[in-house]
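Sequences and hints are given; from them, build the entire structure.
Residue numbers (my numbering), protein chains in the order written: chain B, 1 to 189; chain G, 1 to 396.
Check the hints yourself; a few may be wrong.
Straight line, CA to CA, 27 Å or less: simulated DSSO-like cross-link-like pairs of lysine-lysine [stated by the list, open to error]:
hint, chain 1, residue 1, chain 2, residue 2
1, B, K149, B, K86
2, B, K86, B, K152
3, B, K32, G, K384
4, G, K85, G, K99
5, B, K12, G, K333
6, G, K155, G, K99
I should point out that these hints are in silico values taken from the structure, not numbers from a laboratory.
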Amino acid sequence: MGAIGSYVENIKDAVTTIFEGMAVTASHFVRKPYTVQYPDRTEVRVQDTLPFRYRGILEVDLEICTGCLACERACPIDCIVIAVEKDPATRGMIISQFDIDIAKCMFCGLCSEPCPTGSIHHTTEFEGADFSLESLIRRFVKEPIHAYKAKKGPETDPRLAPILSRGMHYLDQWAQPGGDKPAAGTEES
Amino acid sequence: MRTLVQTLLASGFFGRNTPYDLVAAIAVFVLSAAVFLGVAFPFAGIVSWVERRVWARIQSRVGPNRVGPNGFLQWLADGVKHVCKEDIVPTDADPVLFKMAPYLVVLAFVLPWAVMPFSSALILADLNVGILYMTAVTAITVVGVLMAGWASNDKWSLIGGIRSAAQIVSYEIPAGLSIFPVVLMTGTLSMQGIIRAQGWAPQHWFLFANPFTFVAANILFISALAEGNRTPFDLPEAESELVAGFATEYSGMRYLFFFMAEWGNLFIIGAIIATLFLGGWQFPRVSNNPVVMNVLELITFNVKVLFLVFVSMWVRGTLPRVRIDQLMTLCWKYFVPIAFANMIGTAIWVAIWPEGNPVAGYIMFAAGIVVAIVFIRRVVFYAKRSQMELYYYPTI
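Set out below in structure tokens:
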């Protein structure tokens with residue numbers, strides 16, 4: 001093929017490739033965009049689409065917290081501060097402070113593993129931005145509260161039973177990666 | 001214009017002995033300010049938003065849709081932001097040239113509006129050298145861009161400016177040669193004269209008049225894109241190589257001026273092509289009322305121009321940037337010889353059929369429809385092959 005041939009070939013290539021390219025991009029005009037318009041224009045909240053075991057911001061169910069300090073000891077960066085004292089009257093434990101510093105927390109999940117009741121657990125919440133470090137400290141105890149004392153056998157208090165079963169379900173999930181067998185219901189202490 | 005000034009003088013608003021020239025000057029300033037602030041600049045701004053939305057859809061994104069309904073006011077937010085920014089002049093820059101360059105670029109953008117044929121009556125000045133004037137004043141851009149590149153005292157700016165100069169000067173030649181066939185067929189350079197020589201029906205457009213004009217229209221469109229520094233020819237401001245080319249050292253309002261001129265030039269590119277090849281404002285005579293006819297013609301002209309603006313955005317979303325040597329190869333080895341061949345071919349055509357060949361128009365138009373159908377079939381093929389649900393809403 002001579003010079004003229006390659007010249008004409010070049011023109012033909014340019015025209016046909018641009019023609020095809022324009023057709024490809026034109027087909028994109030009738031395709032739905034992939035964009036997820038986080039945070040305010042999603043069909044469901046993004047938090048609700050996350051898996052159950054997602055390690056989001058920590059939360060504590062104080063109703064079932066035994067005050068055992070297992071999470072405080074497990075925390076590698078000491079972002080959990082718990083103060084418990086004995087109540088001389090009932091010989092039970094009183095939790096007077098339960099603070100988690102979300103600014104320090106590295107979401108390793110080591111605190112929720114040893115928790116005997118699943119009281120401290122991760123949520124799927126991840127939007128923690130705030131204007132000051134101080135406000136990132138989550139203070140769960142508003143006023144001193146009696147620690148939960150695990151009973152032998154199933155939980156009989158109808159108010160606490162669903163919370164406890166939820167915590168146990170969470171722990172089961174934790175113990176069985178990938179498994180989602182039903183909640184054990186109770187735990188012998 | 002003259003009657004307007006005389007009415008103003010007669011009203012006695014300016015006092016008794018006001019000279020005619022003073023009132024005329026004020027009227028010119030006020031009117032041109034109204035046209036540019038009310039039409040040209042908002043158009044440039046809105047095009048910037050439309051362009052971002054169009055690219056976004058090409059890339060399966062959404063684009064700016066937060067400011068105002070569907071993000072329509074994004075251009076105002078961007079404009080206010082740029083105007084409020086500090087106007088920085090680099091220490092080593094040439095302050096006079098540096099400050100003057102954006103105005104020259106904007107000047108090259110506003111001058112063509114004088115001969116813009118919006119309708120049979122709506123034209124500021126129907127110069128008898130209209131299309132020549134259009135190509136001449138749009139070429140002022142090169143002075144502004146080169147000035148910006150030189151005065152910034154920056155290697156990136158200088159390379160961008162020099163590239164732009166080389167590019168615009170080179171592509172003036174095929175662009176000018178592609179205007180020739182139309183001028184040969186009409187025997188006039190006036191914008192209105194060229195439009196009146198065409199009909200409202202596509203087979204009477206110069207695009208389909210003969211094979212040479214069809215090629216000329218394409219060459220003119222591509223050359224105009226190159227002159228407007230548009231992708232795939234945006235080498236002067238190649239972001240990945242030259243930061244922002246000649247605009248590297250600019251900030252705030254002066255930076256905005258360059259890009260306003262670039263987006264506004266899209267309208268001028270579209271207007272040149274629509275006037276020369278797509279029948280301009282020609283519309284079938286459905287009414288004897290001149291106002292109704294002028295409004296219909298205005299709409300026709302704008303639809304044609306906006307379609308071409310859309311095509312240039314579409315091209316920008318499709319094609320990658322060419323290399324500088326490919327750019328020059330395309331111009332000098334392909335466009336210039338083909339444009340010359342076009343010119344000679346049209347001359348022969350006009351010599352054989354001085355009044356034009358009506359059959360050729362129908363054949364060319366039929367061929368154009370066939371190409372369009374093939375194109376739509378390819379689009380449908382690619383849309384189906386993507387295995388995605390189809391979504392026909394232009395906004396989201």
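Results for each hint:
1. K149/B <-> K86/B: 13 Å, holds
2. K86/B <-> K152/B: It holds: about 21 Å lies between the C-alpha atoms, which stays within 27 Å.
3. K32/B <-> K384/G: Since the Cα atoms of K32/B and K384/G sit roughly 13 Å apart, the hinted pair holds (cutoff 27 Å).
4. K85/G <-> K99/G: 15 Å, holds
5. K12/B <-> K333/G: 15 Å, holds
6. K155/G <-> K99/G: At roughly 18 Å apart (the allowed maximum being 27 Å), K99/G and K155/G satisfy the hint.
In terms of the numbered hints stated before, the structure departs from none.
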